[in-house]
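Next come the chains, spelled out residue by residue.
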Amino acid sequence: MLYSAFNGLVVGIFYALMALGLSLILGLNGVINFAHGTFMALGGYLAFTLEPYIGFWGGLVVAPLLAVVVGLAVERFLIRPLYGRDPLFSLLLTFGLAMIMQDVIRTIWGSIGQPFALPNYLNSPLSSSMFFLTGFRLVVIAITVLVTGALFAVLRYSRIGIRIRAGNADLETISSLGVNIFFLRAANFGIGIFLAGVAGILAAGQLGLSPTIGDSLIMPAFVAIIVGGVGSLMGSVLGGLIIGIASGLTAAFFPVAQEVVIYVIMAVVLVIRPRGLLGQEGLFE
Amino acid sequence: MSSALETRPSSRPAPSIGGREISAAIIWLALLFVPIWLPAIGGFTDLASRVLIYAMAATGLNLLLGYTGGLSFGHAAYFGLGAYGTGLFIIHVIPSMPLALIAGTLLGGIGGILVGPMVMKRKGIYFSMITIAFGQMFYFLAVRWNTVTGGEDGLTGFSRVPLHLAGESIKLGPARFYYVVLALFAAVMLVVWQILRSPMGHAFVATRENTTRLRFLGVAVDKQIWVAFAISAFITALAGSLNAMLTAFASPDDLQWQLSGSFVVICVLGGMRSFWGPFLGAVIYIAAQDYLSSVTQNWMSYIGLIFVLSVLFFPQGLLGFIKGRGRS
Numbered sequence: 001m002l003y004s005a006f007n008g009l010v011v012g013i014f015y016a017l018m019a020l021g022l023s024l025i026l027g028l029n030g031v032i033n034f035a036h037g038t039f040m041a042l043g044g045y046l047a048f049t050l051e052p053y054i055g056f057w058g059g060l061v062v063a064p065l066l067a068v069v070v071g072l073a074v075e076r077f078l079i080r081p082l083y084g085r086d087p088l089f090s091l092l093l094t095f096g097l098a099m100i101m102q103d104v105i106r107t108i109w110g111s112i113g114q115p116f117a118l119p120n121y122l123n124s125p126l127s128s129s130m131f132f133l134t135g136f137r138l139v140v141i142a143i144t145v146l147v148t149g150a151l152f153a154v155l156r157y158s159r160i161g162i163r164i165r166a167g168n169a170d171l172e173t174i175s176s177l178g179v180n181i182f183f184l185r186a187a188n189f190g191i192g193i194f195l196a197g198v199a200g201i202l203a204a205g206q207l208g209l210s211p212t213i214g215d216s217l218i219m220p221a222f223v224a225i226i227v228g229g230v231g232s233l234m235g236s237v238l239g240g241l242i243i244g245i246a247s248g249l250t251a252a253f254f255p256v257a258q259e260v261v262i263y264v265i266m267a268v269v270l271v272i273r274p275r276g277l278l279g280q281e282g283l284f285e
Numbered sequence: 001m002s003s004a005l006e007t008r009p010s011s012r013p014a015p016s017i018g019g020r021e022i023s024a025a026i027i028w029l030a031l032l033f034v035p036i037w038l039p040a041i042g043g044f045t046d047l048a049s050r051v052l053i054y055a056m057a058a059t060g061l062n063l064l065l066g067y068t069g070g071l072s073f074g075h076a077a078y079f080g081l082g083a084y085g086t087g088l089f090i091i092h093v094i095p096s097m098p099l100a101l102i103a104g105t106l107l108g109g110i111g112g113i114l115v116g117p118m119v120m121k122r123k124g125i126y127f128s129m130i131t132i133a134f135g136q137m138f139y140f141l142a143v144r145w146n147t148v149t150g151g152e153d154g155l156t157g158f159s160r161v162p163l164h165l166a167g168e169s170i171k172l173g174p175a176r177f178y179y180v181v182l183a184l185f186a187a188v189m190l191v192v193w194q195i196l197r198s199p200m201g202h203a204f205v206a207t208r209e210n211t212t213r214l215r216f217l218g219v220a221v222d223k224q225i226w227v228a229f230a231i232s233a234f235i236t237a238l239a240g241s242l243n244a245m246l247t248a249f250a251s252p253d254d255l256q257w258q259l260s261g262s263f264v265v266i267c268v269l270g271g272m273r274s275f276w277g278p279f280l281g282a283v284i285y286i287a288a289q290d291y292l293s294s295v296t297q298n299w300m301s302y303i304g305l306i307f308v309l310s311v312l313f314f315p316q317g318l319l320g321f322i323k324g325r326g327r328s
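Each protein sequence line maps, in turn, to chains A and B.
Residue numbers for the first sequence follow this note's numbering, beginning at 1 and rising by one.
Residue numbers for the second sequence follow this note's numbering, beginning at 1 and rising by one.
For the record, the hints were derived by calculation from the structure and aren't laboratory data.
A virtual CB, placed ideally from N, CA and C, is assigned to each residue, including glycine.
Certain hints may be false.
[To be verified] Below, a list of computed lysine to aspartate or glutamate pairs in the EDC-like style, where the Cα atoms sit at most 20 Å apart:
{"id": "1", "chain 1": "B", "residue 1": "123", "chain 2": "A", "residue 2": "86"}
{"id": "2", "chain 1": "B", "residue 1": "123", "chain 2": "A", "residue 2": "170"}
{"id": "3", "chain 1": "B", "residue 1": "123", "chain 2": "B", "residue 2": "209"}
{"id": "4", "chain 1": "B", "residue 1": "121", "chain 2": "A", "residue 2": "86"}
{"id": "5", "chain 1": "B", "residue 1": "121", "chain 2": "B", "residue 2": "222"}
{"id": "6", "chain 1": "B", "residue 1": "223", "chain 2": "B", "residue 2": "209"}
{"id": "7", "chain 1": "B", "residue 1": "171", "chain 2": "B", "residue 2": "46"}
[Unchecked claim] Example chain A residues on the side facing chain B (calculated, C-beta under 7 Å, incomplete):
{"id": "8", "residue": "95"}
{"id": "9", "residue": "226"}
{"id": "10", "residue": "230"}
{"id": "11", "residue": "234"}
{"id": "12", "residue": "259"}
{"id": "13", "residue": "263"}
{"id": "14", "residue": "266"}
{"id": "15", "residue": "268"}
{"id": "16", "residue": "272"}
[Unchecked claim] Covered stretches of chain A, going by a simulated chain B footprint (3 or more residues, C-beta under 8 Å):
{"id": "17", "stretch": "22-32"}
{"id": "18", "stretch": "76-86"}
{"id": "19", "stretch": "212-224"}
Looking at chain A on its own, in the form it has when it is part of the complex (with noise of 0.2 Å):
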């Protein structure tokens, strides 16, 4: 019980830094970003490659920081012309890009699945008794807590952090009063992709990588957003955290229903609460 819910928590973590991510881009560049799932690929492989020469730690900075650079050159070449325009379309954009990327990642690192080489130190588990418990899995917790804490933070204190909360409210506004909101979207995606490259490398350690490895977390970081209301950051950690947990609980009793469960979570939330455990009123009502 204690194991599923763990195992549950873990994955819920992917899904709730991917459902960060994808928040903070849906709140302020108003885009569905469907590529969210290939940029974390990328982090991932990108890892993976540089890992023999920096080492795992290493990657874990360089490689997302490197997976910023592609985004922001997504951001400003194809994205940027679609502002303001309707929604579907930059939602077509990324969906044309994440299988252009996907095949991209196939053609460069192969279509089978790669194992990710953690070190030794992190693969051992702690305690016989607690055997689920590796290092690693304690590095992925604290690092997750670690990088919302300081976005929250940055977001909170910080003077980008302001102005990105205050354009999700009114960009217009921010706007006239001399922000510069082409740099800010710019910023916002970049912290997005950020991560969405961390949880491509902290999912590569635990999940092993695979080129399609964006889609299976994607859908239920959606999910996450919804659950916890769009428009709310501590939302999708929070729905994030439930939809994992229960698809772990779900796994160990009831396999079958594992990915179904956290749809049917959905469907309730909408019925009863249809903005989301935390979501704003009156956003895209």
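Given chain A, work out where chain B should sit, using these hints.
The following block gives chain B in isolation, referenced to the frame of chain A:
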């Protein structure tokens, strides 16, 4: 530019007297003789059936997407429900084609009726996200519910059953089946045309253009979206049922979000604001897919490229582009 007036099919400015009718007549004539001219230029009739099926699904989706403004990204769910409904009906109930088509259509349509209320209050991109997620729910149902759906391998064990008419059993080869599809496609086009001309159709367009004003006029906007959602799910489900008949197979891929995206891009490619747009989009998309998948293994990225390019350079779609040219 895109006022409610302009998109009303009946009031589009005709380039010349009867020009619209003439081009429509040419399309229908060409469709009528497909089994004759298509093999002659190296195609095969089943491909044309596929085009019509995708055009039907996209036309159904476009009623919601282009005319009502509900950005559904999960319509593969109803396509797939139609396919599975048809297959399961033939295997478990009666091997009768008309009844199986009805069963599949009903299953998908009811799916749409049930999902509708949960999404209808949402707008824009959030609407898309919820429809995607619900679509994915049906996908996992199909993959995991092995005993009924055949799991990841898909549902097999049924075939195109002969049509029983007036005591006679008619075997449906590619050409005959094509005409069944064509007849149903024509019926769907007629129904959609009539809907768009009706007060309900005008309410759909008004929902897209100005929800707030419509609400002040006392129209239940949510209900409009629900109705449009349900109708479009029924049409898409019918297309899915026909697809199951065409391939004698219902696959989880029929429910995948990639297919939902394909339907949307078909609408965008042809022109979301045009009655014939989805049809034209389907012709281009299926032809491109068929060609690319025979030439290169990386055809997915070329399809992706079509998505990206059509969004960046052809947001009005091909028909919108031509119409815009004609007017300027």
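Hints and how they fare:
1. Distance hint between residue 123(B) and residue 86(A) is fulfilled; the C-alpha atoms sit about 12 Å from each other, no more than 20 Å.
2. Restraint check for residue 123(B) and residue 170(A): the C-alpha separation of about 18 Å stays at or below 20 Å, so the hint holds.
3. Distance check on the hinted pair: residue 123(B) and residue 209(B) sit about 13 Å apart at the alpha-carbon level, within 20 Å; holds.
4. With a C-alpha separation of about 18 Å, the suggested pairing of residue 121(B) with residue 86(A) holds against the 20 Å cut-off.
5. Note on residue 121(B) and residue 222(B): the hinted pairing holds, with a Cα-Cα distance of about 6 Å set against a maximum of 20 Å.
6. A distance of roughly 16 Å separates the Cα atoms of residue 223(B) and residue 209(B); the hinted pair therefore holds under the 20 Å criterion.
7. Between residue 171(B) and residue 46(B) the CA atoms are separated by roughly 15 Å; this keeps the pair inside 20 Å, and the hint holds.
8. Nearest Cβ of chain B to the Cβ of residue 95(A): about 5 Å, under the 7 Å cut. The hint holds.
9. At its closest, the beta carbon of residue 226(A) sits 6 Å from a beta carbon of chain B; the interface hint therefore holds under the 7 Å criterion.
10. Checking residue 230(A) against chain B by beta carbon gives a least distance of about 6 Å; that is within 7 Å, so the hint holds.
11. Among the interface hints, the one on residue 234(A) is violated; its C-beta lies about 18 Å from the nearest C-beta in chain B, farther than the 7 Å criterion.
12. Hint status for residue 259(A): holds, given a least beta-carbon distance of 4 Å to chain B, under 7 Å.
13. Proximity of residue 263(A) to chain B holds as hinted, the smallest CB-CB distance being about 3 Å (cut-off 7 Å).
14. Hint on residue 266(A) holds. Least Cβ distance to chain B is approximately 6 Å, under the 7 Å limit.
15. Evaluation of the residue 268(A) hint against chain B yields a violated restraint, the C-beta minimum of about 10 Å exceeding 7 Å.
16. Contact between residue 272(A) and chain B, as hinted, is not supported at the beta carbon level, the nearest pair being about 11 Å apart and thus beyond 7 Å.
17. Only when three residues or more bring their CB closer than 8 Å to a CB of chain B does the claim for the stretch 22-32 of chain A stand; here the count is 4, and the claim holds.
18. Only residues whose beta carbon comes within less than 8 Å of a beta carbon in chain B count, and the stretch 76-86 of chain A has 5; three or more means the coverage holds.
19. For the stretch 212-224 of chain A, the stated coverage by chain B holds: 3 residues have a C-beta nearer than 8 Å to a C-beta of that chain, and at least 3 were required.
Figure legend: structure checked against the earlier numbered hints; hints not met, in rising order: 11, 15, 16.
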